[in-house]
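Chemist: Chain by chain, the residues:
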Amino acid sequence: MSRLFRRGRRPTVRYHAGAPPLRHWWLPYALLTPAIVLIVVFGVFAIVGGFAVSLQGERFNSGQAETVFVGLRNYVAVIGSSIFLKSVAATVAYNLAANPLLVGAAIAIAIALTRAGRMATFFQSTLLLSVCLSWTVTLLIWRSILSEGGLANGIFAALNLPAQPFYTSASQALWVTVGISAWAGVGFWALVFLGALKAINPDILEAAALDGATAVQRFRYVVLPLMRRTVLLASVVLTASNATVFVPAQLLTLGGPDNSTHFIMYEASQKLFYDGRPGEAVALVGLLMIVVFALVFVQFRVLRSDDA
Amino acid sequence: MERNSGMGVRRSRSLMTLVSVALLSAACAGAPSAGSLAGSSAAASPSDAGQASPTLAGQSSDGGAPVTVSLVANGEPRYAGWVKAFNATHPGIQVKLEDSGASGGAANVAALRFGQKDPTLDITSDEVGFDIQWFTKGWIDPLDSYFSPEELTAFVPSRLADETYQGHFLGVPVTNSTLMLGLNLDLFKEAGVDPPPGMKESGVEAVANGAWTWEQVAAAGKTIQEKTGMSGLQFPKGELWVMYPLGEQLGGNVTSPDGLTVKGYLDAPAWLQLAKWFQDVHASGGATVMNPDWGYEEFTAGKVAMVELVAEQNAICLSVKFSCDVAAEPHFQGMKPKSARGSNALVLSAFSQHKKEAAEFLRWVALDPAAWTIFAEDTLPSQNVPVTKTLTDPAYDAFPASVKRLAAYQQLNWPADQPKSPANPEIWRIWDEVWLDIQSGAKTPAQGIEELTQRADEALSIYR
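Heads up: the protein sequence lines correspond to chains A and B, in order.
This note's numbering applies: residue 1 is where the first sequence begins, and numbers increase by one.
This note's numbering applies: residue 1 is where the second sequence begins, and numbers increase by one.
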């Protein structure tokens with residue numbers, strides 16, 4: 001919207017330069033207000049309040065426990081703890097594996113759906129099944145499949161293959177959680193990318209084909225650039241959600257084996273609910289938030305469109 | 001343009017300054033909670049104490065509407081039974097049970113609400129030893145002023161000792177999860193291995209005196225696994241309260257006597273020896289690793305020959321289709337048997353608005369025989385009278401009721417010393433993670449003990 005207020009004159013609101021002014025200048029702000037209130041109350045206040053909690057801690061002095069301002073002590077404590085680097089490594093590894101896998105798989109499925117013909121609706125509905133399940137139910141299902149005597153090892157046994165430990169193995173547990181996460185989320189993002197694919201003008205692809213571009217070239221030089229905004233959306237959302245991964249560690253692996261799935265949010269939740277250390281828990285979350293903001297900023301810079 | 005950009009920069013700086021001041025003010029305001037180790041109880045007790053005698057039974061504090069006391073507890077049936085019975089006989093005080101779900105859930109809920117100084121939380125059940133941390137943080141009031149020394153003798157001495165810290169009585173013990181060995185006799189028979197004496201065929205003395213050593217258990221487990229393909233032994237979970245008696249048998253302690261130091265204690269040779277044995281018995285096939293859940297599904301499905309049972313599982317043999325028995329808790333060769341207690345307790349919130357009424361409920365649970373009866377239907381109580389009665393009452397002659405007799409015997413004769421530290425919750429959590437890795441072979445015993453000691457030491461640093 002163009003500049004709103006000119007001194008001594010009634011505010012003028014236009015959707016873009018050259019558009020006629022809105023009759024009710026206050027309308028856009030009124031429509032935005034509920035969302036802004038929610039963001040401020042449950043976002044900004046929460047962040048400010050959380051940061052305040054992270055600067056508080058307990059001091060035990062002569063038998064008295066007191067909650068006092070401790071400055072950055074909680075941050076120093078969590079960064080200096082022997083489990084911190086392992087938590088960071090687990091979280092980063094999870095994101096580096098899960099995000100590209102999910103985005104890539106979703107795009108591949110979306111492309112396949114464009115060629116599914118009459119069965120497209122059926123496949124689209126099926127994809128949404130995993131999205132409808134809660135994390136708890138998803139993990140219970142996969143735990144029964146991947147347990148020592150579960151379906152997967154039963155199939156391996158029938159094929160004379162050795163049984164696999166899956167989530168009870170330090171070398172496999174992380175990839176198991178990545179795979180489960182991808183399974184749970186790929187349906188939703190496949191439909192999002194399907195929408196982006198259908199928004200591409202088929203004439204552009206036809207022109208590229210007439211110019212001699214192969215299918216791979218058309219995808220790389222035409223489709224992918226035109227889907228950049230959708231890829232950016234998926235990357236940002238997945239970065240934020242996968243950086244705060246917690247449920248698989250809580251319900252499946254208890255942060256192990258050998259801290260391989262000891263994610264930052266898992267450690268934060270344990271510090272809050274088990275250890276009774278909210279200051280350190282929020283400090284961990286605060287550090288995680290800074291990292292997520294940095295990653296999102298980088299993604300915006302790398303993936304932004306020239307016409308953004 | 002320059003004037004506009006300058007104004008914009010000054011506005012940004014002003015906004016940042018305002019935000020920074022707001023953040024720092026909010027942080028510095030804090031909410032000082034002076035949780036005195038003795039002060040809060042002294043401050044609370046004169047007006048709240050019932051002078052060690054039930055003065056409020058059936059009376060509301062203002063003579064009018066009943067006072068509602070909240071109780072957060074796990075989903076065991078005894079809590080609902082207690083609440084129903086107490087409310088029926090105390091119209092002036094109505095206890096409202098808030099089911100926190102799975103075991104341990106109450107402690108998590110409490111930690112969150114204590115941290116927020118929730119005045120609507122009156123009583124909660126804790127996890128083993130958590131009340132020491134809560135007391136140190138000033139989250140709970142000790143119960144010294146609500147019980148006379150004579151009344152405290154109602155408890156089994158070891159259970160009273162569990163709930164006593166720095167001379168203060170912290171909580172009413174309400175569970176008695178002593179461990180025993182569940183047996184699938186069909187698998188023993190199939191493997192051609194003679195089982196240890198169990199309560200099905202033998203009396204408690206014979207079972208206790210014939211208790212196997214862990215070495216025998218490991219050997220039998222390996223043989224059964226080789227000959228039947230089923231699991232020989234399962235530890236449902238290598239939790240702290242399950243493992244510490246084994247370490248104590250070998251001469252180990254979790255912490256220093258004041259509970260503030262683990263270096264030199266948790267990394268002592270006894271724990272390394274236990275870790276090696278624990279890993280070896282699993283690696284050799286004598287025992288199998290369960291999913292990180294406390295459950296008995298595989299045992300009840302007939303896939304496990306021996307499993308560590310808690311006293312609450314005394315009737316498990318009624319729900320299985322194989323020949324089932326319960327034997328005494330094993331011990332290491334040449335060592336005196338020691339039994340874990342896994343004691344939970346009901347504690348009084350320091351932020352409760354109804355301490356007097358809440359204490360009435362706690363006194364009823366602790367001292368009223370009606371409460372013991374409800375408890376005894378579920379598991380083994382913690383009071384002397386019902387526990388010793390279990391040893392002689394003919395109602396406990398027949399199996400599986402006799403399993404409670406074995407639990408009572410172990411409770412009275414083989415008590416292990418429960419670790420006492422303000423960092424019990426932290427140590428327990430780290431312990432759980434590390435011993436699961438030792439169990440599965442993800443860490444070597446030395447690595448596991450080293451990490452456990454290091455992380456436990458870090459957790460204790462704020463209390464020193």
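Hints should not be assumed to be uniformly reliable.
[What the hints assert, rightly or not] Taking beta-carbon pairs under 7 Å as the criterion, some of the chain B residues facing chain A (in silico):
id, residue
1, T68
2, G138
3, L272
4, K276
5, W277
6, D280
7, P425
8, A442
9, E450
10, T453
11, R455
[Stated by the list, open to error] Derived list of chain A stretches under chain B, where covered just means 3 residues or more per stretch with a C-beta under 8 Å from a C-beta of chain B:
id, stretch
12, 124-130
13, 264-275
14, 294-303
FYI, nobody ran anything at the bench for these hints, they're computed from the structure.
Cβ atoms here follow ideal geometry from the backbone N, Cα and C, with glycine treated the same way.
Chemist: Next step is simple, just say for each hint if it's right about the structure.
Modeler: Hints and how they fare:
1. Look at B:T68: its Cβ only gets to about 26 Å from chain A, farther than 7 Å, so that hint breaks.
2. Of the supplied interface hints, the one on B:G138 holds, with its beta-carbon coming within about 5 Å of a beta-carbon of chain A, less than 7 Å.
3. Hint status for B:L272 relative to chain A: violated, with the closest Cβ pair at about 18 Å, above 7 Å.
4. For B:K276, the shortest C-beta to C-beta distance to chain A is roughly 17 Å, which exceeds 7 Å, and the interface hint is violated.
5. Interface hint status for B:W277: violated, as the beta-carbon distance to the closest one in chain A is roughly 20 Å, over 7 Å.
6. With its C-beta approaching chain A no nearer than about 18 Å, B:D280 sits outside the 7 Å limit, and its interface hint is violated.
7. The beta carbon of B:P425 is positioned within 7 Å of a beta carbon in chain A (closest approach about 5 Å), and the interface hint is therefore held.
8. For B:A442, the interface hint holds, the least distance from its beta-carbon to any beta-carbon of chain A being 4 Å, beneath 7 Å.
9. Proximity of B:E450 to chain A is violated relative to the hint, the smallest CB-CB distance being about 10 Å (cut-off 7 Å).
10. Interface restraint check: B:T453 against chain A, minimum CB-CB distance 10 Å, threshold 7 Å, status violated.
11. The beta carbon of B:R455 is positioned within 7 Å of a beta carbon in chain A (closest approach about 6 Å), and the interface hint is therefore held.
12. Counting residues of the stretch 124-130 of chain A whose C-beta lies closer than 8 Å to any C-beta of chain B gives 0; at least three are required, and the coverage claim is violated.
13. With 5 residues bearing a CB less than 8 Å from a CB of chain B, the stretch 264-275 of chain A meets the requirement of three and the coverage assertion stands.
14. Taking a C-beta to C-beta cut-off of 8 Å, the stretch 294-303 of chain A contributes 0 residues in contact with chain B, too few for the three needed, and the coverage statement is violated.
Taken one by one, the earlier hints fail for this structure at numbers 1, 3, 4, 5, 6, 9, 10, 12, 14, listed in ascending order.
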